[in-house]
Each structure stands twice: as structure tokens, then as C-alpha cells.
Amino acid sequence: MDSAAPSIRLPAGDPMLPRLFRIERVKKELSDTFTMEITPADGGPFHFRPGQFNMLSAFGVGEVPISISGDPGAPDVLVHTTRVVGSVTAAICALKPGDTIGVRGPFGSHWPVEDARGADVVFVAGGIGLAPLRPAIYQIMADREHYGNVVIFYGSRTPEDLLYRHELQRWRGRFDMSTEIIVDRATGHWGGRVGVVTKLIRGGGFDRHHAVAFVCGPEVMMRFAVETLGECGVTGDRVYLSMERNMKCALGFCGHCQYGPSFVCRDGPVYRYDAIERLFNVWEV
Amino acid sequence: MVEPDRKDPPIMAIDRDGLDALIQCLAHDGYQVIGPRVENSAVVLGPVAGVADLPKGWTDEQAGGHYRLVADGRGEDGALFGFTLAAQGWKRYLHPPRTRLWQAHREGRSWRVEAEDAAPRYAFLGVRACELSAIHVLDRVFDNGQFTDPGYAKRRGGTFIVAVNCGRAAATCFCASMATGPKAEAGFDLALTELSDSASARFVVEVGSRAGAAVLTGIPHGPATAADIAAAERAVANATAQMQRAAGGREMVDDAAGVLSRNVEHPQWDKVAARCLGCGNCTAVCPTCFCTSMEDTTDLSGDVAERWRRWDSCFTLDFSYIHGGSVRRATASRYRQWITHKLSYWHEQFGTSGCVGCGRCITWCPVGIDITEEARTLAESEGRT
Ligand SMILES: Cc1cc2nc3c(=O)[nH]c(=O)nc-3n(C[C@H](O)[C@H](O)[C@H](O)COP(=O)(O)OP(=O)(O)OC[C@H]3O[C@@H](n4cnc5c(N)ncnc54)[C@H](O)[C@@H]3O)c2cc1C
Ligand code: SF4
Ligand code: SF4
Ligand code: FES
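So the protein sequences, as listed, match chains A and B. Per the numbering used here, the very first residue in the first sequence carries number 1; after that it's consecutive. Per the numbering used here, the very first residue in the second sequence carries number 1; after that it's consecutive.
The shape of chain B in the complex, shown without the other chains (with noise of 0.2 Å):
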């Protein structure tokens, strides 16, 4: 029997000792955790084995080709999600940059085809709005109705997500004006809000899922309170007026999409090319690109043959190549081709923008090309004809 689920789950809090058994019970039951921690001076995604693991007291600050982490000076009162984003997302693990498809062993002069079908259980702690939004666009872009990549399905069908809301904005993020954050509001198991001004650490809790419930039974926790849930408001207000151009934040033009698509030939193509390096960083820590290759490995004998998938860019001159040359020789048409996909032909194939605002390939780009300023100077231009 199915039972209705309630509607308003009750609002729970957790301290730091919650979180650190929501950690050990999430390994406990078979899945293997990653959260945020520091390595070469950036947050990135890796294995966590408990609260000491995190990146506390770091927060980070980023701007067009700039990257940096701080330490926001509380010591051991620091913040454990006082940074925005990870510099590389969750898609590294949904959609791994090197995955085997299958391996064939030669019989004869016939073969064998075996597919690969191990899939590792992840907990994801730590997932941001914006990154949650991601997933959902790469949940489409494996399911498009007429194939599903049994691969990513498997991955992400055992995915427990602990999402963790923003109270802060980085200067490049711009999820607003995505309306893809700065709260998560659906799709994730548990949501936590740290409430860092508080001096006992606290972590506000929103149920959704029964997994999610599940879970939460195993670990201390108790309810929020009137207060907790108030400061966790003005969290995410905060890093919502953070955003707000009139503020000196960052967003979006309005219809981005209709801008794209209404500018196909126009002269800011060549000037973003004279600066664009086609290094495909943007490409790389994009959580929603999902472009990839195939390569074909025999092993010494020959007789085992594999099949692999790897990420690919479109800022490369090989991904358009077919006989005779590459369709998109010039870079200025294949930065067209990524911001167009991006913000205007992913709705009409996806029914959802492609970008979710997380400010990712601004920070990382070298040359600090920017991907809200581009869309803005086409619209500009619109504006004065």
C-alpha cells in the first residue's frame, strides 16, 4: 500500500554532530559519499568520510578567470558551506569523463558483446540549487524519450541527494535570474541550511523524500525552531539580493533564448573569437554539457576489443570534422555554436534552458570571457537598431 505522502513534512535541525552521522549512516547503508573538500587550494568533490572532512572556514571568491579561497576568520566556529561551488560538479559522477560501453571478445570470426553494467551507489552531499537544476537538465538529456543511456540511468537511479542551500552568492553566480536558485526546492532527498550566524552551527532540514525521512530517523535531530527556520530564510534572501544586478550582482538578460537565436550572424561572433582561446575549460566544468567521443582499444592480443565514452568539447576542431574538414573551422563559430546550445536550441531540444546559472565558465574561463555579458551585448545591440 502506498501511503499519501504528507504535505508539509515537518522542518528538522541538526547539529554538526547530525551531520557527521548522516555521513556514517549514509556509508553505512551501502553508498559511497562524496561531499566538498579542500585540495590544492579549491573545494572540489571527492570522497568524505565525516564533518572533519568538509572545508570548514573557507569560503571562496570567484570572478571572470579567478579563482580564490578565503578563510572567513571564525576558526573553529567556521562555516562548512561558506563557499559557493565546487570548481568541477556533480556530472563527473553521473556522467563520468571516461566510461567503459561495453567489451567484445573476439571468438572465431565472430564475437562477443558484454555490457558493462556495475554502477556505484553515490550520496551526494552538498548539491547547490543550481547543481540540482543540472542534474534535471542531464536526467532529460539521457531520457530523451526515444533512448535512454542505461549507464547514466543505473548511476543516478541510486543516487541519495543531500542538497545544501546557498546564503551567499559568488560574483559570478547568477542562478536567480536562472530561477534555478539560490534555494533547492525539489529533487533532492534532504536539504539543509546552515545557519552560520549562529554560534551552536546549526543546520535547518527539509524532508524530500521518504528515503530522505528514512534516513533522517537514524541520526539526532530534533525540530526546527520558529527562529531556525527565520534565519534560514534570510539566508537564502541574502544570497539572493546578492545576485541582483542593481546590487552590483550578476543575471541574465531577459529571453536570452530569443536574443541567441534572433542573432546568428552578427559582428560580436568575431570579437568574442579574437579573445576565446578554444581551450573548452567552459565545456569541461559546465555541469550540464554532456558532449562526448568514442574510442575503440583492442588489448595486446587483439582479441578484446572495448569501447569507452569520453567528454568532449565542442571548442575542438575535430568535433565537427567530417570528410573534407570540420563543419566549425572558425573559433567565432564555435563559441556561437556553445552560448546558442547553451541558452536558445537547448529549450527547443530539451524544453529547458542549458545553462543554470552557476557561473562556472566565467571563473574558469582564462580570459574571463563572460557568458551573461556576451547574451547582454547581443540584446544591447537589439535595443539600438
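Only chain A is shown next, with the shape it has when bound in the complex (with noise of 0.2 Å):
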């Protein structure tokens, strides 16, 4: 041994610093929501797996950890749809074509797409948890024929808060697949159905024991929306979902996103549901 010191090996890159993207596109989802799309400063293509998220930058602002949300077959855009809730994203949201975000990602585990071949594949979301879930649904619609049926279960508060409604639209006009939408509180001239997320679980239209379920929303959605599949025979083995902390770092170092033994930015944030069953029951962990 030469000295006492561990021999840690330097990265090759440095991994706390963002790369530059250019803001290309940004378009208002909804009043609080808006969907950007970037392409690297220094080009190339930004490979990722549906689930996966990246740190994005303001300027001397902040960083948060926000889904990738684009088509994982189309990689040279990358796209993130963002809900404005305090400073940060605040900023991001002020960001206008021709502008610079810095981008540390892609991070963390991914909805098991290709496992799923072969099986029904349920999507559960609430609100913008929509938005992690689509590159999931982008893969499989390019995949289609190696898959049951598709199912997507929606549901958000009010019909103003619905994410992505042309594509939506888009989705219920395809005979391949089944969308299926519910709101918290029906307003305006809202002629759909009223309700929470679970109601559409249990509507069924999916083989119970093989299909395989991705599910992204509140905790509380989710809490509920495993226990409705569970109800309808869609074990915990075969129900994938998104957990949310807070995050700093997204490398492990920071210690936010602690989830009992795991780390939500390295092992999550995909998990199966099985594998946190026991804690996803416990208080404020």
C-alpha cells in the first residue's frame, strides 16, 4: 500500500454537473402546466427508459428532479412536462425558446416495459402523474403487437386539470387500446364520469391474472388504487409504482430521498410494490 488512502476513482465526468440544453419548444398544458422540449447544447441524442427522471436547472435558481415525459423512441428531443408549484419550477416555467436549463440525468429505475410483453398492461395515473407514465405508453403503442390489452385509467381533479387532452382524445379514438377518464369533480359541460380512479379498476377490461400494472399519482391515489388491483386480483408482484421524495443530489450522496433501506433516486423511482409493501403501510416514513 502506498498511503493509507483509498484509491476512490475519479469519474469521468463529473457527475453534480448539469449539461446545457436548449429550450426548443414550450407549450401550456394547463394553467398551472406546461410541457418543454430541449436538445442538448453540445447535440447528440438523449437515450433514456420510461420511469427515468432528470435533475433540471434555473440559473442561480435551484434544481428538482422532474420525469421524463417524451418518447423514448424519438431521442433526440427530450421532453419534461412540469407543474408549477414553487420557485424552482416557477422559473423553469419563465423559460422561453433560445434559452438555457442545465440537465443532470437520466436517474433511477424504470417501468419494466419489456417484461411486460406478452401480458395486459394496466396504466393507473392521477393528475400529472400521467406524465411519467406516458414514455411507458409511447414504447408499447410502437410495440403493440407484443402486448394483451393496453388499458389507461385516468384521473384528476376537475375536467380542467385533465394533461395532454388532444392526445387523450387521440388514445380513446384507437381500437387498440382503452382510455378510460375520471374527474374528482365534474364541471362545466363534463359529460364523463365522476369519481375517484378506483371506480375504473374496478370496471375491469383486463385478464386479472396476467396483467401487469403501472401506477403513478398522489400517495394516497396510489395507495388506494393498489389496493382496488389487489381486490381485482392483480398481485403485488405484478404492480409497479413511482414513488416521490424530496431530492437533492439524485446520486445517493444527499440523503433526501431515503425510503426506508432504499434510495428513491438509485433504486426508485419505479419500485415493485411487493418489495415496499411493508413500509408503503407504515407512517410518514
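Source of the hints: derived by calculation from the structure; they are not laboratory data. Where hints are given, some of them may not hold.
DEER-style ranges, computed between Cβ atoms [said to hold, decoys possible]:
no. : chain 1 : residue 1 : chain 2 : residue 2 : range
1   : A       : Gly-203   : B       : Ile-322   : 26 to 34 Å
2   : A       : Gly-188   : B       : Asn-144   : 47 to 55 Å
3   : A       : Asp-32    : B       : Lys-271   : 41 to 49 Å
4   : B       : Ile-322   : A       : Ser-31    : 16 to 24 Å
5   : A       : Asp-274   : B       : Asn-144   : 41 to 49 Å
Yeah, the Cβ is synthetic: ideal placement off N, Cα and C, and Gly gets one too.
Take the two lone chains, each set in its own frame, and fit them into one complex as the hints suggest.
Right, here's the structure in full:
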């Protein structure tokens, strides 16, 4: 031993440094939610798996985890859908085409899209939870013949909170998938269903013994969804969900995202339900 | 050509002048020498220029919520390392309370990002066995198999370590039951044992690396006598004996990891929360607590942005904040997170305990909450059912 200091590998690239991207297009989705298309300033495609996220930086303001919501089959443009809830998301929202944003990623685990081949796939989304599921929907629809029924159950608070409205309409018009929507509270001319998303799950449309479910939304909504899926015969080993915790680094260094023994940034955000079942029902983990 | 390491490097001895020469020699080699010194009635770590800066003649009295320096009453012959632990550990040098990660300059509508690359070269003098273990714990945290923290890697890679074995345990120490001390077994460049019972004030020196051997050749030293070596062994045995619970010392319960993982739901969480102030002192003094937050700043012109990383604590409400509210609102869930992470989850994350038994969290807790007692209470409640 030359010295007692360990030979810690010096990384090829510094994982703390953001890569610069150019804002190409910004689309307002809802009053507080927008979708942004960005491309790397240094060129090249951006490959990712559905369910993964990036850390997005606004100059001098901060950095936040945001899921990738675009098509993994179109890696030339990176797509994020963000809801403005605080200072960093507001600063990102203020960026215009031609401006620069910092990106670190992609990070985290992914929806096991390939492993679900041969099975029915049930998507259960709540609110902005549809954004992290959309890449999986794109990938499956691009490889449609390898899957059984594809069912989307989407719940939002009001009709005004429905994300990707045009796309939902297109999906509803397709014969090779089923898209069902429900709102907590009907407003305006809403003629659709009213209630919670679990109501849609109970309606079925999938082979309970072989369906795989991908669930994303607020934690309470996921709790009920998992329970209802279980009652409908979709057991915990076929249910995947995306957890949300505070994140400051996405590298396993800052400790903020810990969920029991795991780091949501590295072991998650997508977990197989039976792997976290024990903690999922404990208070304030 | 790589020379094979000799299996058992000969054990050497130095006197106080030799130690002084060691400090000078390290400084001459370009190291910033950090060691224990007395400031504000406590032993703290800071730059040391020679033996005169060390806490000669001081021992510490530690207990739950209690710390006091006491003169050892030996005047000029007083021990240099008669205290156990400095109030804060080496973490503040390897993983500083605040570090700048990068700086960015606005250039038109784009920016240019510059990494931080200056790293000091430290020589640590007086690293205790438990602290050496804590450094190895941090090594795993910041090189986790997927990502490496370049700042930590640079600071750590350049560090020269002079360990000092313990001849005395404080009432808060429990390294023996964590298998992390009181003798430094590996991971040092040089390891000293102070022979404070000998009038000639000598140190037995073990060499742990080539760098250590090279430094030693530059300072006055001689072979340790059989009597020196026996005295060094006695000193360490004394510290071990003082930690035995049967003799009034402190021990961590067996299988603390299992105990914590089995008791996520337990009435004790509310009981400890009734006492815990949520101040986060325990996390600040713990040599392995690594959690941080980020702060982005801009200069007045708004054209230069910086990202800073600073220590954070799982005891704050903000720590677990997500839109809609914090996940861990109750002090009970925050204390549970801390102790369960230390003693149980850490094994799954890093293959080692997150607690090295230094006892600092006990000493510096204003209300004297004791990690060993909390684990024992849970363990004993299992026995009762
Ligand atoms: C894996 C993952 C994926 C996400 N994907 C999306 C997405 O696709 N679209 C979207 O709109 N939002 C997403 N979020 C939530 C988003 O990160 C937060 O809304 C955002 O951090 C809020 O930052 P702020 O500064 O605007 O708000 P503030 O309320 O001012 O937040 C202050 C700080 O708290 C932390 N924080 C607050 N809320 C959250 C949160 N929900 N999750 C994690 N940290 C939080 C952040 O560190 C933030 O800097 C995701 C979160 C995670 C963990
Ligand atoms: S948990 Fe307490 S005793 Fe254990 S290493 Fe940290 S400060 Fe020391
Ligand atoms: S255990 Fe003690 S030191 Fe830690 S947060 Fe609670 S009161 Fe503060
Ligand atoms: S986000 Fe920092 S450890 Fe996971």
C-alpha cells in the first residue's frame, strides 16, 4: 500500500455538473402546467428508459427532479412536463425558446416495459402522474403486437386538470387501446364519469391473472389503487409504482430521498409493489 | 516495480521531539496538518504547528448531555492524547459543512459551467480508531458503485493519516461493541500509542503504508522495546475494559440492525420524541452523518451563479418536504428515521453499520438521549413479548 488513502476512482465526468440544453418549444398544458422540448447544446441524442427522471436547473435558482415525459423512441428531443408549485418550477416555466436549462440525468429505475410483453398492461394515473407514464405508453404502442390489452385509467381533480387533452382524445379513438377518464368533481360541460380512479379499475377490461399494472400519482391515490388492483386479482408482484421523495442530488449522496433502506433516486422511483409493501403502509417513512 | 509489502513492519518508537518533528515534516511535505487543540474549553480540531499546540494534560469527562475538560494533574508530563474525542470529527475536513460544487457564468442566453477543482492536502493527526472507521464509512457513501463524489475523492485521496490508539474510554464510548476500536487496525499511514505511564513520554509507532514509512525515516525514531510494546497493549486493553457493560461501561445491544428493522412500529418512538428537541445536534456531530442540501446563489449582477452544498439534518421538517407538506412531520418519525438509518438501513445501503460507537451524539444531545439505551429499550421490549 502506497498510502492509507483509498484509491477512490475519479469519475470520468463530474456527476454534479449540469449539461446545458436549449429550450426548443414550450407548450402550455394547463393553467399551471407546461411541457417543454429541449435539445443538448453539445448535440447528440438523449437516451432514457420510461419512468426515469432528470434533475433540471434554472440558472441561480435551483434544481428539481422532473420525470421525462417524451417518447423514448425519439431521443433527439427531450420532453418534460412540469407543474409550477414553487420557486424552481416557476423559474423553469419562465424560460423561453432559445434559453438555456441545466440537465443532469437520466436517473433512477424504469417501468419494466419489456418484461411486460405478452401481458395486459394497466396504466393507473392520477393528475400529473400521467407524465412519467407517457413514455411507457409510447413504447408499448410502438411495439403493440407484443402486448395483450392496453388499458389506461386516468383520474384528475376536475376536467380542467386533464393533461395531454388532445392526446387523450386520440388514444380514446384507437381500437387497440382503452382509455378511461374520471374526475373527482365535474365542472362545465363534463359529460364523463365522476368519482375516484379506483372505480375505473373495478370496471375491469384486463386479464386479472396476467395483467401488469403501472401506477403513478399522489401517494394516497396510489394506496387506494394498489388495494383495488389487489382486490381485482392483480397481485403485488405485478404492480409497479413510482414513489416521490424530496431530492437534492439524485446520486445517493444527499440522503433526502431515503425511503426505508432504499434511495428513491437510485433504487426508485419505480418500485415493484411487493418490494416496498412493508413500508408503504407505515406512517411517515 | 512494485515491492511486496513486508508482512509485519517493525514497531518503532518516537518521543515528543520525534512527534514534533513528524508534524514539521508533514508540513514541509506540503500537508496542512490538522490535529486536536483546546479552544473554548473543549478539544476541537484545527491546524497544529507543533506539539505545543496539542491538548497537553487534558482529559475529557463525557456523559449524556455533558462534556467537560479536566486537567490530568501531571503538569509537564501530562498526556498529549489523554482526551478521547474532539467535539467534532474529521468529517468537516473531508465532507465540509459548506462546499461550492460549481460556478456558472451567463454568456448571452447560454451559460458556461466551471467545476470546482482546488482540494487541500491534509495530514490528520490523532485520528481515533472509531473515527478511522467513520472515514471508511464515508468512503463508501461517496463512492457508491454508481457515482463518485469528485470533491470527496480528491480531498480523501490526498490525506495522510496519523491514528492514535485510545488508552482510555469516555463514559459515552462504545466502539468495542461496534468492533471499530479502541485500536486502529488498518487504514492509517502511521498509528501511535501514547505511553503515558512512562516518565519519558514515548509513543509506540506502527507503520501502515509506504507513505508512512517514508515520513518516519525523516524523523528521529528507534525500535520499540518489548516493554514499550507491552505497555501499548496494556493501554488499549484498559480502554476496552472500561467499555464493558458489566464493569459500568457502555455497549450496543447485539443485532441492533435486526432490532431496529423489526420495530418500525413501537410505542417507544413517541416516548423518545417527547424528549427530543429535533435540534439535529446528533447529526452535526456524528462522524458518518452525510446528508446535505443544495443552495443556488447569484452575484449582484445576476450573471454568475453558484451551487453550494451544505450539511443538512434529517431532524428538520424541511428535509422531507415535497409539494403538499413534509413526509416526516412528527419528531417520532424523524428520530426513527435517524436511528433506524444509522443502525439498520445503513447495512443494506453500504454493507456496514452507520454507527461507529464514538458516543458523540450522546454527549452533545442537550437532553442526553442515548442511542445505546434507545436500541436496548427496543431490544428488551422484544424479549418481553
Ligand atoms: C422522481 C420525481 C419525479 C418528478 N416528476 C415530476 C414531473 O414530471 N413533473 C412535475 O411537475 N413534478 C415532478 N416532480 C415533483 C417536482 O420535483 C416538485 O414539484 C419540485 O421539486 C418543486 O420544486 P419548487 O422549487 O418549484 O417548489 P418548492 O415547493 O419551492 O420546493 C422547495 C424544494 O422542495 C423540494 N420539493 C418540493 N416538492 C417536491 C416534490 N414533489 N418532490 C421532490 N422534491 C420536492 C425541492 O427540492 C424544491 O427545491 C417529481 C418529483 C420526483 C421526486
Ligand atoms: S450515531 Fe452517535 S455514537 Fe454512532 S457514530 Fe454517530 S455520533 Fe457516534
Ligand atoms: S436526539 Fe438529541 S441531539 Fe439529536 S435532534 Fe434530538 S435532541 Fe437534538
Ligand atoms: S436525491 Fe440525494 S440521495 Fe437521493
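Checked hints:
Range check, Gly-203 (chain A) to Ile-322 (chain B): Cβ separation about 31 Å, and the 26 to 34 Å hint holds. Roughly 50 Å separates the CB atoms of Gly-188 (chain A) and Asn-144 (chain B), a value that falls within the hinted 47 to 55 Å. The hint said 41 to 49 Å for the Cβ distance between Asp-32 (chain A) and Lys-271 (chain B), and at roughly 43 Å that hint holds. A hinted range of 16 to 24 Å for the beta carbons of Ile-322 (chain B) and Ser-31 (chain A) is consistent with their spacing of about 21 Å.
Look at Asp-274 (chain A) against Asn-144 (chain B): about 25 Å separates their beta carbons, and that is not inside 41 to 49 Å.
In terms of the numbered hints stated before, the structure departs from hint 5 and from no other.
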